Amino acid sequence: MGSLAIARLSILETLRRKEFYIVFVFIAVLAVWMYSLNMTSSGAGRFAKDIVMQVVWLASFALTVPLAARQISADVEQKSIYVLMSRPIHRWQYVVGRAVGAITASAICFTSMYAVLILMLAVKGAGSLADPSLWQAYLLQVMALITLASLTLCLSTVSSPGGAITFALLMLCATRYGSAAIMNRVQQMPEASRDVAWGAYLLIPHFEFFNVSQRVVHGWGPLPTSLFVQAMAYGLICSIFFVALAAAVFRKRWL
Amino acid sequence: MEIAAIEANGLNIEYRTGRGKKKLAVSDLSFRVNHGEIIGFIGPNGAGKTSTMKALLDFSPVFSGSCSISGVPCSDPRAREHLGYMPEMSYYPKYLTLSEFLDTCAAISGVPGWVRKEAVNTVAERVGMTSHLKTRLSSFSKGMLQQAGFAQALVHNPDILILDEPMSGLDPIARMRMRQTLAELRAEAKTILFSSHELGEIEMVADRVLALNQGTLAYEGPVSGIVGTDGNLEQAFLRLLGTEQEVAAWAA
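From first to last, the protein sequence lines stand for chains A and B. Take 1 as the starting number for the first sequence in the working numbering and just add one per residue. Take 1 as the starting number for the second sequence in the working numbering and just add one per residue.
The shape of chain A in the complex, shown without the other chains (with noise of 0.2 Å):
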């Protein structure tokens, strides 16, 4: 209960924040933008659908760091702590609540994008709602910010929210949009030093893993659903290990 309601707090603070209404003019900037593509034509109507769904991943990512990390240390910083620690709940239960809040607030954000962008694309005829691979990708993307989130939310436990919310998105464009150029580049070390590199670049989180959006635009059809339960149980692993040692470490700070 104690989570829950620490979980409600921040959904309340981001509508009260005017999250949400960024997202509802984003939404309807996007919404007009769409219908005004052509995006019918097989080249053109790829590469229109492929900038927009680029244009909702990244303002997804855009509002959950910032989100994520100013969970806890805006309660450090405006000692809002004391009067929510001076209840009878254990310092991981404020944790938990916390990150429970910044990924239902972002999750809810993105589903209202996704929201809009599949409907538009069926209204522009190039997508069918019951198409399976527009849902896996939504909900692989709700994976990666809830991944996100949890990262973000770790490292706001160490060090300041500006220093989070960098770092947060380094790792995400490290791994997302840069993968295949840190392999190739990992390729080319000498031997010693390559399993060093190797062994550094498989313990960040990989946020390439999530990323489908090319099989929805070139109509690969959907994941194998092996891989897909793989890249969904490897989000919520990391989830369930960024949240656990945010708990560890909160529990040692003084307050």
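Simulated from the structure, these hints should not be mistaken for lab results. All of these numbers come straight from a predicted model, not from anything done at the bench. Hints may be right or wrong, so weigh each one.
Claimed, not checked - Here are the simulated DSSO-like pairs of lysine-lysine, each with C-alpha atoms no more than 27 Å apart in a straight line:
(1) A:K252 x A:K18
(2) B:K94 x B:K117
(3) B:K22 x A:K79
(4) A:K252 x B:K22
(5) A:K18 x B:K21
(6) A:K79 x B:K134
(7) A:K79 x A:K124
(8) A:K18 x B:K142
(9) B:K134 x B:K94
(10) B:K134 x A:K252
(11) B:K142 x B:K117
(12) B:K117 x A:K79
Position chain B relative to chain A; hints supplied.
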């Protein structure tokens, strides 16, 4: 022997002040607050009052010694089940309305959903803030935030209250209302540990006084025990807790 409402035994609290440096905020502090007592916690700035309160709430680690609330060690969250705390400054989520804030505090304290609305309305009435329930805390004045802080400490109807400077920032009417509420809480046999620099308030409300000076207990007993023959508590405070220069300056 009856279990104390609040108990500290040989409490030592250290703070990090820089690179590996530590400062002893409270040294070998032992005291006992019985159920139903109202205790005034006094001492000059930096004496260790807030540090002691933070240790009782498990906000800062205890270097050595122990403290408990109703017999439960302070490091155990169950110790805070029947505890209400009002911090010194109004550190509250300002984007919430008073009603949402009190409801959230009650929910975290484990008050079931079906009685929360009633609990919120009751406590708002008690502190005289019913008409402000739908107002956001961001538009509250300092005194109103102080009253909101008092309300959140009471919303789950705790048996023990720890109040850090509850009277600061209150206008005379709000101050009188708070004194009245404290008197009502005394009648309900609640235990209250409150710190204040307003010695007159302490004299009016407290059964006993705990005086801290430089992290150690300088006096424990009835208010009458420190008041001199002239009955001036301020002079008594200075004699007990002031430096030689401060006492000399007062006498001059």
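Taking the hints in turn, this is what the structure says about them:
The straight-line distance between the Cα atoms of K252 (chain A) and K18 (chain A) is roughly 33 Å, outside the 27 Å bound, and the hint therefore fails. For the given pair, K94 (chain B) sits about 20 Å from K117 (chain B) by alpha-carbon distance, which is consistent with the 27 Å threshold. A threshold of 27 Å between alpha carbons decides the hint, and for K22 (chain B) with K79 (chain A) the separation of about 22 Å falls inside it, so the pair holds. The hinted pair formed by K252 (chain A) and K22 (chain B) meets the criterion: a straight-line CA distance of about 17 Å does not exceed 27 Å.
Simply put, K18 (chain A) and K21 (chain B) have alpha-carbon atoms about 43 Å apart, too far for the 27 Å limit, and the pair is violated. Under the criterion of a C-alpha separation no larger than 27 Å, the hint pairing K79 (chain A) with K134 (chain B) is consistent with the structure, at around 23 Å. Only pairs whose Cα atoms come within 27 Å are accepted, and K79 (chain A) paired with K124 (chain A) is rejected, the gap being roughly 50 Å. Proposed proximity of K18 (chain A) and K142 (chain B) is supported: the alpha carbons are some 25 Å apart, at most 27 Å.
For a cut-off of 27 Å, the pair hint linking K134 (chain B) to K94 (chain B) stands: about 13 Å separates their Cα positions. Restraint check: the Cα-Cα separation between K134 (chain B) and K252 (chain A) comes to about 37 Å, which exceeds 27 Å; the hinted pair is violated. For the hint pairing K142 (chain B) with K117 (chain B), the CA-to-CA distance comes to about 25 Å; that is within 27 Å, so the pair holds. In summary, the hint linking K117 (chain B) to K79 (chain A) is supported, as the alpha carbons are separated by about 26 Å, within the 27 Å threshold.
The earlier numbered hints that this structure contradicts are 1, 5, 7, 10.
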